[in-house]
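*Asks:* Taken in order, these protein sequences are the chains called A and B. Under this note's numbering, residues 1 to 242 are what the first sequence spells out, in order. Under this note's numbering, residues 243 to 468 are what the second sequence spells out, in order.
The set of hints was computed from the structure by calculation and includes no laboratory data. Just so it is clear, CB atoms sit at the ideal spot from N, CA and C, and this is done for glycine as well. Some hints could be false.
A short, non-exhaustive set of chain B residues, derived as facing chain A with CB atoms under 8 Å [as the list claims (entries may be wrong)]:
| # | residue |
| --- | --- |
| 1 | Leu376 |
| 2 | Leu386 |
| 3 | Val387 |
From the structure, some residues in chain B lie toward chain A, with a derived Cβ separation under 10 Å [claimed, not checked]:
| # | residue |
| --- | --- |
| 4 | Pro366 |
| 5 | Gly368 |
| 6 | Gln369 |
| 7 | Ala371 |
| 8 | Ala372 |
| 9 | Ala373 |
| 10 | Tyr374 |
| 11 | Ala375 |
| 12 | Gly377 |
| 13 | Ser379 |
| 14 | Gln382 |
| 15 | Pro390 |
| 16 | Gln391 |
| 17 | Arg394 |
These are the residues of each chain, in order.
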Amino acid sequence: MISIRNVGKHYGSFQVLADCSTEVNKGEVIVVCGPSGSGKSTLIKCVNGLEPFQQGEIVVNGVSVGAPKTDLPKLRAHVGMVFQHFELFPHMSIMANLTLAQEKVLGRPHEEARAKGPALLDRVGLRAQAAKYPGELSGGQQQRVAIARALAMDPICMLFDEPTSALDPEMINEVLDVMVELAREGMTMMCVTHEMGFARQVAHRVVFMDHGRIVEDAPTEAFFGAPRSERAQQFLAKILHH
Amino acid sequence: MYEFDWSSIPGALPFLWQGMTVTLELTATAVVVGIVWGTLLAMMRLSAMPLLAWFAAGYVNLFRSIPLLMVLLWFFLIVPRLLESLLGFPPGSDMRLTSAMVGFALFESAYYAEIIRAGIQSVPQGQVAAAYALGMSYGQAMRLVVLPQAFRNMVPLLLTQAIILFQDTSLVYVSALADFFGAAYKVGDRDGRLVELLLFAGAVYFVMCYAASLLVKRLSRKGTAA
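Kindly produce the complete structure, drawing on both the sequences and the hints.
*Replies:* This is the structure in structure tokens:
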């Protein structure tokens, strides 16, 4: 589904990504982790072309993301993305947030787009909030709406860029619960996150990055059982200590 | 001691009102065209295409570095000739209002462009990323996500600029066009009551602008409260 081959990216002389390769197969859940500044967010933004890259190739569902002729909007319409800071559109109601791209990008009739709303909001446990505005919801609720907004486009896979990093601790679980559910339904997911509990629970593989390189790419059991690289061992020791 | 005599004002009211309609027409045209063309200029200036960015920056800097009065004079001299030769208007037709409208609109666009550019930049980059991630094109992201938020943040500034513009329209007196100020001047000159008429005109400008600025204050307070 997502194939990342030898991807490299630099700003001037600063190498952000170097020789990154990994695969996400259909129905797989991959967790990408690593210290801040390791390039994991940049890598996931390369997957839907939000960040350009200079070396290598990324193929999503048979389409090469970096190729100059690729219709990026068309590709992105079917690759869901959830951001650290939610990025709901604050000037629109929750329902309008869910229907906007369905109508303007996919060309669905207004009634059809609206009809999908209640079921989507049900799925993230927020049916009662359709008429509210993003500013009236808590962070956890906003992030769940953001997931629903991405799902409204019937994505073939979902990208999560640190979806719980900006949340208060008591709101993290409500978002993770939705993500776990999604994983169990068989959604193809690539998640940048530090939530190791989530990784253990649903991830098929864990990719560990440091200094723009993929240092480790292992099945979840193996990664938590016995990470091979010293850097990953250190990282796990720090993050799992508390 | 100077004796005030206001008696020439009541009879001149219809003429003064005609002048006011010219002033309002000029203001409205310049505001509408200024915002539309200013938005395009702001988008060009922020564009990744160097040629567009360069053109917009040049335009804005040019118009912001020339006195408005001079721009207006040029347009009084140039636009009528241009329209005569391009559109086949008969020579000597009265093009002063059109010239003034074009001059003001092009001049004000430069100022609006800067306000709108700041407004666009006040919308977080993540909003654009989210719009793109949903499959929107540049145009859709701008029209549906960025500009509505930008304009909401800018309303007080845009209105304040419109108030300034309303006052600046009095500069059309250089073409002897009878806007409100010009009309007041003409009446005062005719009746030998220039002081009274100009005081009256000043009071009208003051009341209108002050009322409008109070309205803007209320609006912006409401905006920050929401």
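*Asks:* If a hint holds in the structure, say so; if it doesn't, say that too.
*Replies:* Hints versus structure:
no. : hint   : in the structure
1   : Leu376 : 4 Å, holds
2   : Leu386 : 6 Å, holds
3   : Val387 : 6 Å, holds
4   : Pro366 : 8 Å, holds
5   : Gly368 : 5 Å, holds
6   : Gln369 : 6 Å, holds
7   : Ala371 : 6 Å, holds
8   : Ala372 : 4 Å, holds
9   : Ala373 : 8 Å, holds
10  : Tyr374 : 6 Å, holds
11  : Ala375 : 4 Å, holds
12  : Gly377 : 3 Å, holds
13  : Ser379 : 5 Å, holds
14  : Gln382 : 6 Å, holds
15  : Pro390 : 5 Å, holds
16  : Gln391 : 5 Å, holds
17  : Arg394 : 6 Å, holds
The structure shown violates none of the earlier numbered hints.
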